[in-house]
Amino acid sequence: MLRLFLVSLIFISFLIFNQKVVNESFGENNPTESSDSKDEPNDFFYYQRSYPNKTFAVNAYKAAMDVAATPISERGLDNISTTSWKLQGPGNIGARVNDIAIHPKNNQIAYIGFSCGGIFKTQDGGKNWKPIFDENSYLSIGDITLDPQHPDTLYVGTGDPNISSNPFVGNGIFRSKDGGNTWESLGLSNVGIISKIAINPLNTNIIYVATMGSPFVRDSNRGLYKSTDGGKTWVNVLFLSNQAGIIDMVMNPLDPNIIYVSGWDRIRTNFESTTFGPNCKILKTVNGGATWETLDTGLPTTNISRIGLTIDPTNPKILYTILIDTNFNLGGVFKTVNNGTSWFPIPTGEVNGLPSDLMGSPGFGWYFGKIVLNPNNTKEVYILG
Numbered sequence: 032m033l034r035l036f037l038v039s040l041i042f043i044s045f046l047i048f049n050q051k052v053v054n055e056s057f058g059e060n061n062p063t064e065s066s067d068s069k070d071e072p073n074d075f076f077y078y079q080r081s082y083p084n085k086t087f088a089v090n091a092y093k094a095a096m097d098v099a100a101t102p103i104s105e106r107g108l109d110n111i112s113t114t115s116w117k118l119q120g121p122g123n124i125g126a127r128v129n130d131i132a133i134h135p136k137n138n139q140i141a142y143i144g145f146s147c148g149g150i151f152k153t154q155d156g157g158k159n160w161k162p163i164f165d166e167n168s169y170l171s172i173g174d175i176t177l178d179p180q181h182p183d184t185l186y187v188g189t190g191d192p193n194i195s196s197n198p199f200v201g202n203g204i205f206r207s208k209d210g211g212n213t214w215e216s217l218g219l220s221n222v223g224i225i226s227k228i229a230i231n232p233l234n235t236n237i238i239y240v241a242t243m244g245s246p247f248v249r250d251s252n253r254g255l256y257k258s259t260d261g262g263k264t265w266v267n268v269l270f271l272s273n274q275a276g277i278i279d280m281v282m283n284p285l286d287p288n289i290i291y292v293s294g295w296d297r298i299r300t301n302f303e304s305t306t307f308g309p310n311c312k313i314l315k316t317v318n319g320g321a322t323w324e325t326l327d328t329g330l331p332t333t334n335i336s337r338i339g340l341t342i343d344p345t346n347p348k349i350l351y352t353i354l355i356d357t358n359f360n361l362g363g364v365f366k367t368v369n370n371g372t373s374w375f376p377i378p379t380g381e382v383n384g385l386p387s388d389l390m391g392s393p394g395f396g397w398y399f400g401k402i403v404l405n406p407n408n409t410k411e412v413y414i415l416g
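One rule links them: number in the working numbering = place in the sequence shown (from 1) + 31.
Careful: at least some of the hints might be erroneous.
The calculated lysine to any residue pairs, modelled on SDA-like cross-linking and capped at a C-alpha distance of 25 Å, are [to be verified]:
| hint | residue 1 | residue 2 |
| --- | --- | --- |
| 1 | Lys-117 | Ile-163 |
| 2 | Lys-366 | Glu-303 |
| 3 | Lys-93 | Thr-264 |
| 4 | Lys-208 | Asp-97 |
| 5 | Lys-117 | Gly-210 |
| 6 | Lys-161 | Ser-196 |
| 7 | Lys-312 | Thr-372 |
| 8 | Lys-136 | Pro-344 |
| 9 | Lys-312 | Asn-288 |
| 10 | Lys-263 | Asp-97 |
| 11 | Lys-315 | Pro-347 |
| 12 | Lys-136 | Asp-183 |
| 13 | Lys-158 | Asn-138 |
| 14 | Lys-257 | Ser-220 |
| 15 | Lys-312 | Gly-363 |
| 16 | Lys-312 | Ser-272 |
| 17 | Lys-312 | Thr-328 |
| 18 | Lys-158 | Ser-195 |
| 19 | Lys-315 | Asn-234 |
| 20 | Lys-161 | Thr-184 |
| 21 | Lys-315 | Lys-366 |
| 22 | Lys-93 | Ser-195 |
| 23 | Lys-152 | Tyr-92 |
| 24 | Lys-348 | Lys-263 |
| 25 | Lys-152 | Pro-182 |
| 26 | Lys-152 | Leu-415 |
Don't read these hints as lab results, they were simulated from the structure.
Please construct the entire structure, taking both the sequences and the accompanying hints into account.
Shown next, in the form of C-alpha cells:
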C-alpha cells in the first residue's frame with residue numbers, strides 16, 4: 032500500500048513539474064484564457080500548437096491540411112468501416128454561412144459556402160443538398176461568384192474573412208466549369224483569406240479578387256488582385272499595408288471599370304488582435320485599378336473598424352455602407368447618390384428600428400459588418416448582425 036502511495040505521489044509531482052515547465056516556457060506576459068478584458072486574445076488553442084517557439088507554424092499547418100485531405104487509401108490506412116454513412120454536417124462552428132449564390136437562370140440551383148464546411152449545392156430549391164467541394168484540403172469558404180455570362184461556371188475564394196480567434200485560412204481561388212462537379216486551382220494560394228470576387232460582366236476574363244492576407248503574419252500577400260486572362264496570371268492593383276487587406280468590394284454593373292473597396296486592418300495571432308487602423312476606409316477606382324481615391328466626404332475618419340459595402344444594381348450611383356466603430360458596435364449607416372463623392376447618414380436610432388446593441392454585447396461588429404440590398408426591391412436594405 033505504501034509503495035502504491037509513493038508511486039502515485041511521484042507521478043503527480045512529475046505532472047505538476049511538467050506543467051510548470053510548459054507554463055514558464057511561454058512566459059508570464061503571454062496572454063492565456065482570461066475573462067478580465069474582452070480585448071485580450073484567448074489563445075491557449077494556439078499555445079498548444081506553438082510549443083516551444085511560441086509562434087504559430089503556418090507552413091506546418093498547411094502541410095497538415097494537405098495530409099488531412101489525402102484519401103485514406105493513399106495514406107496506406109485501412110477503411111474504418113464498410114457500412115454506409117449518412118451526411119451529418121457541417122454543424123456548429125463549421126456551419127456558419129459566409130455566402131449564398133443563386134443561379135440567375137434557374138433559381139432552383141443555389142450554392143452555400145460555409146466558414147469551415149465547404150460548399151453545398153441544391154438543384155431543387157433547397158429540399159436536398161450535397162457537398163461539392165470536399166476533395167479540397169481547405170474547406171473554409173469566403174466567397175462564391177458565378178460567371179455572369181456562363182452561370183454554370185463558378186469561382187470560389189477560400190478562407191474565412193471574419194477572422195475570429197481561431198482563423199481559418201484558405202489556399203487560393205478555384206473554378207468549376209460544370210456546376211461544381213470538377214475543380215481547378217487558379218492560384219493565389221499565399222493570400223491567406225479571400226473575401227470577395229468580382230467578374231467583369233462585359234469581359235469575363237477580367238477578374239478581381241479581394242484578399243485579407245494571412246492573419247498570422249504581416250506581409251505583402253494581401254490587397255486587391257486582378258487577372259485579365261481568366262485567372263492564369265494575377266497582379267496586385269491595390270496594396271494598403273502589411274497588416275491590412277480588402278474586406279469588401281462592389282463593382283458598377285454598367286461600368287465595370289468602376290470598383291469600390293473597403294480596407295480593414297486585421298491581424299490575429301496568439302499575441303495580438305488588431306481590428307482597426309489607418310487603412311479602414313473606402314476607396315474607388317474608375318480605371319480598373321490603375322489609380323485609386325479615398326472616399327470620405329461625409330464619413331467619419333476616426334474610430335472606424337470593419338466596413339461593409341453594397342451597390343444598387345438598378346442605379347449604381349447609389350451605394351450604402353455600414354461602419355463598425357472601434358468598440359465594435361454600429362458606427363453608422365451611410366448612403367451616397369453620387370458615386371461616392373459625398374455621403375449622408377441614415378438614422379439608426381432605436382426609434383428607427385435599429386437597436387443600440389445590434390452587434391451584440393460586447394460588440395461583435397468586427398465579425399458581422401455586412402450590408403446588402405434586395406436585388407428585387409432596392410429600397411430594402413439588410414444589415415447583418
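Taking the hints in turn, this is what the structure says about them:
no.	hint	in the structure
1	Lys-117 - Ile-163	holds, 16 Å
2	Lys-366 - Glu-303	violated, 33 Å
3	Lys-93 - Thr-264	holds, 23 Å
4	Lys-208 - Asp-97	holds, 24 Å
5	Lys-117 - Gly-210	holds, 23 Å
6	Lys-161 - Ser-196	violated, 29 Å
7	Lys-312 - Thr-372	holds, 14 Å
8	Lys-136 - Pro-344	holds, 17 Å
9	Lys-312 - Asn-288	holds, 20 Å
10	Lys-263 - Asp-97	holds, 23 Å
11	Lys-315 - Pro-347	holds, 13 Å
12	Lys-136 - Asp-183	holds, 10 Å
13	Lys-158 - Asn-138	holds, 13 Å
14	Lys-257 - Ser-220	holds, 15 Å
15	Lys-312 - Gly-363	holds, 14 Å
16	Lys-312 - Ser-272	holds, 13 Å
17	Lys-312 - Thr-328	holds, 11 Å
18	Lys-158 - Ser-195	violated, 31 Å
19	Lys-315 - Asn-234	holds, 20 Å
20	Lys-161 - Thr-184	holds, 18 Å
21	Lys-315 - Lys-366	holds, 15 Å
22	Lys-93 - Ser-195	holds, 19 Å
23	Lys-152 - Tyr-92	violated, 28 Å
24	Lys-348 - Lys-263	violated, 32 Å
25	Lys-152 - Pro-182	holds, 14 Å
26	Lys-152 - Leu-415	holds, 23 Å
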